[in-house]
Amino acid sequence: MTATTTRAKQLGFLQAINRAQTEEMTRDERVVLMGQDLRANVFGAAAGALETFGPSRVRDLPLAEAGSIGVAAGAAMAGLRPVVDLTVASFVFGAMDQFVSQLAKARYMFGGQATLPVVVRAALYYHGGTAGHHADRPYPMFMNVPGLKIILPSTAPDLLGLLKSAIRDDNPVLCFEDANLWGRKGRGPLPEAGDHLVPLGSAAVRQTGTDVTVIGIGLGCYLAVEAARALAGEGISVEVIDPRTLVPMDWPTILESVSRTGRCVVVDPANRTCSAASEIAARVAEDCFTDLRGPVVRVTTDDVHVPFSPALEKQIYPTQDKVIAAVRRALAG
Amino acid sequence: MTEGTDPAALPDEFAGPDGHTLALEMMRRMLRVRLFEEATIALFHAGELPAMVHLSIGQEAAVVGACVATTTADYMTGNHRSHGHPIAKGAGLGALMAELLGKATGVCGGKGGSMHLADFSVGSLGESGIVGSAIPVATGAGLAAQVRGSDQVALCFFGDGAANEGVLHESMNIAAIWKLPVIYFCENNGYAVSVRASESISVPDIATRAAGYSMPGVVVDGQDVLDVYRATRDAVARARAGDGPSLVEAKTYRFHEHAYGLVVPQPYRDQATVDSWFDTVDPITLFHHRLLGWGAAGEDELRALRDAVQSEVDAAVEFARESPLPPPEAAYTDLYAPSEVTA
Numbered sequence: 001m002t003a004t005t006t007r008a009k010q011l012g013f014l015q016a017i018n019r020a021q022t023e024e025m026t027r028d029e030r031v032v033l034m035g036q037d038l039r040a041n042v043f044g045a046a047a048g049a050l051e052t053f054g055p056s057r058v059r060d061l062p063l064a065e066a067g068s069i070g071v072a073a074g075a076a077m078a079g080l081r082p083v084v085d086l087t088v089a090s091f092v093f094g095a096m097d098q099f100v101s102q103l104a105k106a107r108y109m110f111g112g113q114a115t116l117p118v119v120v121r122a123a124l125y126y127h128g129g130t131a132g133h134h135a136d137r138p139y140p141m142f143m144n145v146p147g148l149k150i151i152l153p154s155t156a157p158d159l160l161g162l163l164k165s166a167i168r169d170d171n172p173v174l175c176f177e178d179a180n181l182w183g184r185k186g187r188g189p190l191p192e193a194g195d196h197l198v199p200l201g202s203a204a205v206r207q208t209g210t211d212v213t214v215i216g217i218g219l220g221c222y223l224a225v226e227a228a229r230a231l232a233g234e235g236i237s238v239e240v241i242d243p244r245t246l247v248p249m250d251w252p253t254i255l256e257s258v259s260r261t262g263r264c265v266v267v268d269p270a271n272r273t274c275s276a277a278s279e280i281a282a283r284v285a286e287d288c289f290t291d292l293r294g295p296v297v298r299v300t301t302d303d304v305h306v307p308f309s310p311a312l313e314k315q316i317y318p319t320q321d322k323v324i325a326a327v328r329r330a331l332a333g
Numbered sequence: 001m002t003e004g005t006d007p008a009a010l011p012d013e014f015a016g017p018d019g020h021t022l023a024l025e026m027m028r029r030m031l032r033v034r035l036f037e038e039a040t041i042a043l044f045h046a047g048e049l050p051a052m053v054h055l056s057i058g059q060e061a062a063v064v065g066a067c068v069a070t071t072t073a074d075y076m077t078g079n080h081r082s083h084g085h086p087i088a089k090g091a092g093l094g095a096l097m098a099e100l101l102g103k104a105t106g107v108c109g110g111k112g113g114s115m116h117l118a119d120f121s122v123g124s125l126g127e128s129g130i131v132g133s134a135i136p137v138a139t140g141a142g143l144a145a146q147v148r149g150s151d152q153v154a155l156c157f158f159g160d161g162a163a164n165e166g167v168l169h170e171s172m173n174i175a176a177i178w179k180l181p182v183i184y185f186c187e188n189n190g191y192a193v194s195v196r197a198s199e200s201i202s203v204p205d206i207a208t209r210a211a212g213y214s215m216p217g218v219v220v221d222g223q224d225v226l227d228v229y230r231a232t233r234d235a236v237a238r239a240r241a242g243d244g245p246s247l248v249e250a251k252t253y254r255f256h257e258h259a260y261g262l263v264v265p266q267p268y269r270d271q272a273t274v275d276s277w278f279d280t281v282d283p284i285t286l287f288h289h290r291l292l293g294w295g296a297a298g299e300d301e302l303r304a305l306r307d308a309v310q311s312e313v314d315a316a317v318e319f320a321r322e323s324p325l326p327p328p329e330a331a332y333t334d335l336y337a338p339s340e341v342t343a
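In order, the protein sequences belong to chains L and V. What the first sequence shows, in UniProt numbering, is residues 1 to 333, in sequence order. What the second sequence shows, in UniProt numbering, is residues 1 to 343, in sequence order.
Among the hints, erroneous ones may be present.
[Unchecked claim] So the derived label-pair ranges between C-beta atoms look like this:
id, chain 1, residue 1, chain 2, residue 2, range
1, L, ARG27, V, VAL274, 50 to 60 angstroms
2, V, GLU48, L, PRO62, 40 to 50 angstroms
3, L, GLY79, V, ASP314, 47 to 57 angstroms
4, V, GLY212, L, SER56, 24 to 34 angstroms
5, V, ASP243, L, GLU51, 40 to 50 angstroms
[What the hints assert, rightly or not] Stretch by stretch, here's where chain L covers chain V in the computed footprint (C-beta under 8 angstroms, at least three residues):
id, segment
6, 95 to 109
7, 135 to 148
8, 173 to 180
9, 326 to 338
Worth flagging that the hints you see were computed from the coordinates, not collected in a lab. Just so we're clear, the structure is a prediction, and the values are computed from it rather than from any experiment. C-beta: ideal position from N, C-alpha, C; glycine also.
Same shape as in the complex, but just chain V:
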């Protein structure tokens, strides 16, 4: 049997000390997203969150597999399902959680909130509450990298709903004609709030639309962090080599509602199936078992990792709770940058 076809064989990526580190890092970041968001559920029920949150639970492999293929020097933009992207990109949890609680210590000083997280220190140029709106922003970051002659790339997250926004098509065309180093990464979770992707998108796979822009388009198993990582790594390599943009579509699942706490009056998906996802397609459980099966990590090691991440999340919640609210005058700062030539 050739390498890569034996599901029990340790994948090349996870062989050796570096591979072991990579595998654990993928697990650590997926756990950070999951446990951070589980903490937000608790905060929601405790009445401590000022607004609804849009959870990435179920989509961790897509988010993390893509981000791990980049570095913190690379750029990234996201969408209203906002927490997973900066966490996966490497942002610290405390300032993110503080932002969700509207605190002065939040990444955006309490002005962005759950849907508009950004941490420029790790290349996270911001999420967007308007569907599709940040797609050209990532494209522009790719342009800047190209003009400056750096080897940075821009990772652009969007969902199946945004795949129908005109600005995606404008952006992919611009990136293609200028060969910009952009990776368009679609987290296709199957639903735009309640509307099925199969009823709102003209093709079975969004990735096929890449052909219209002369760029590679691949579909990956969004519940398999290694599959996502491999496809994104290839797209990043292509971008860094000056060969232009790519489109990666991860087929994934949103385990919770569009927004946590949102009550949808008419059922649009089968709840029994949704409930079974935790047993069948949970990316963290799947990766856990695979790591054990490959002998890439031991039970004790994974338990210790989970405990460490839980402590990190607990500390983030504590930090957020103890942080001060912004003073009222903060509402009037950050609108304009100081400028050179103003009367």
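Excised from the complex, chain L in its bound form:
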């Protein structure tokens, strides 16, 4: 098979989003799209939506993040299934009250009367000089809020399947998309026509191994696979797990793997303190304590804001070298 035909049968991130949204909007007329610059398809994932589904179901939002999330919550309570494109994940901060006080809490506080089938999509737009106000990876903050589900796919086929499941889910689902995977990196084999669904809460084992379990989130999954490839030359066998969904987390897959290998490294692009990696490390330490043969090691972004200058930025993120060093530390324990 030539490189050209391989590329032709590969699915990219933006195509995956577009296909998921189109298929689900076709399937269910309650699904509506809302976001900034959607009709002009500025971000590339809404091609054809306006023409196919019309202006009632495809709406450009004004710059009003809190209002947008609250409107989606209310629309869901009254029978729609909104998909909100919040574009850059750092913009969630402007809507924090609506995420927490309304989207996450309404069903519980009202004793199950409210149903909130809302999907909020947001890109993790770090790397490349977007700096402090655009480069956040805020998903761990939402893991701390009961009532939300969180997906963070690392391949386009997973994004397609998870996003379709999220749209069908009767709960609020936050879809964080690692923008580093928009290009060639996140592409994956084109799923066959028809419903390609990935259930929420199911991890993927990217590579099996026996010496150490590396759990990689988003781009972290690629760093783990690359590190595993490098370490294989030294005879170190690495198992790589991609959680794909952070809430609910597929604990059985993770805990079974760590119990078997006895060693655990978590690669997470979020800031270190109270990261997704922190939660995974804590749970592994609690549940796999007697099986562990070394420390659970986190590879995360250092606890600073993302600086602009290329001379400053790159060093703070997880890298392949940091993953390799972490694996060595886990093995040395």
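Starting from the structure of chain L, add chain V where the hints point.
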């Protein structure tokens, strides 16, 4: 003298059998709010309430006049001053009172409590303890009605304090650009806890802010249930016709403190004036006398109505007291809805 200018003349709205029913229904709902809340005061002093309550006493005409202009098919959201809205929207009193006592039979199964009442069966999509937080929720309910092509509207209650929250402005703008069927209804009771509206709001009338969003904004006498009803009815008609949102500001009074039992160390309003409100601007007393003056209802009829509502409230308290507390495991339900595609 033309019709409507003679204060002694029976208003059109209350003429005929339907009008008589409407007038009594307004009185019934105002009494439900008042007597329900007086019952909560008794429960507070008896130590039976697990938390403070924020009373609508004094604001009944604003709450009821607005809700009576909608139906139970329409949507409504409210705020921490939470009891009056669902009662006025038509919710049953027993489950509301049970919620205040944290009982399993409460509208929210004991998980919401006084500030977070909701009764979806009558379109009450929930109150919010965070000031202003539910405003976009009502806006979204209006969006759903529009997309689904129904003729439902969404009634959005908020106070003068919430008028300064950014989310109100975001919501009014979204509703205006999309012509959503939403009625933004401000109960301006003059104080955000202790801060005067005149010291925290940049304009004398919040309703004037509607101009910034190309929607009608009207000020009504919040102690006059008919005045409130007329303005809201017009806004509802406009919303149902597809002409978009409106803002109605009712100037009203909060007779009790921000929360019942709250002690404010420094006086911020004149207590003698507050005490006089029961004689001068009590919306129930005012409406009572007007109904008699118009010949729209008789003393015996109004007394019987009050007795009936009191019995209803007594029964609600009894129901709430006798209801079981939720079992501990209920704390772990209702977080997530069952979903279609989960591993």
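Structure-based check of all given hints:
Taking the beta carbon of each, L:ARG27 and V:VAL274 are about 58 angstroms apart, inside 50 to 60 angstroms as hinted. For the hinted restraint 40 to 50 angstroms between V:GLU48 and L:PRO62, the CB-CB distance of approximately 47 angstroms keeps it satisfied. Taking 47 to 57 angstroms as the suggested C-beta distance range, the pair L:GLY79 and V:ASP314 does not conform, at roughly 37 angstroms. A C-beta distance of roughly 26 angstroms is found between V:GLY212 and L:SER56, which places it inside the suggested range of 24 to 34 angstroms.
For the pair V:ASP243 and L:GLU51, the supplied restraint of 40 to 50 angstroms is violated, since their beta-carbon distance comes to about 28 angstroms. Counting residues of the segment 95 to 109 of chain V whose beta carbon lies closer than 8 angstroms to any beta carbon of chain L gives 4, which meets the minimum of three for the stated coverage. Counting residues of the segment 135 to 148 of chain V whose beta-carbon sits less than 8 angstroms from any beta-carbon of chain L gives 14, enough to reach three: the coverage restraint holds. Residues of the segment 173 to 180 of chain V with a Cβ under 8 angstroms from some Cβ of chain L number 4, which satisfies the need for three, so the listed coverage holds.
With a threshold of 8 angstroms between beta carbons, the proposed coverage of the segment 326 to 338 of chain V by chain L holds, since 6 of its residues qualify and at least three are required.
Against the hints set out earlier in the document, violations occur for numbers 3 and 5.
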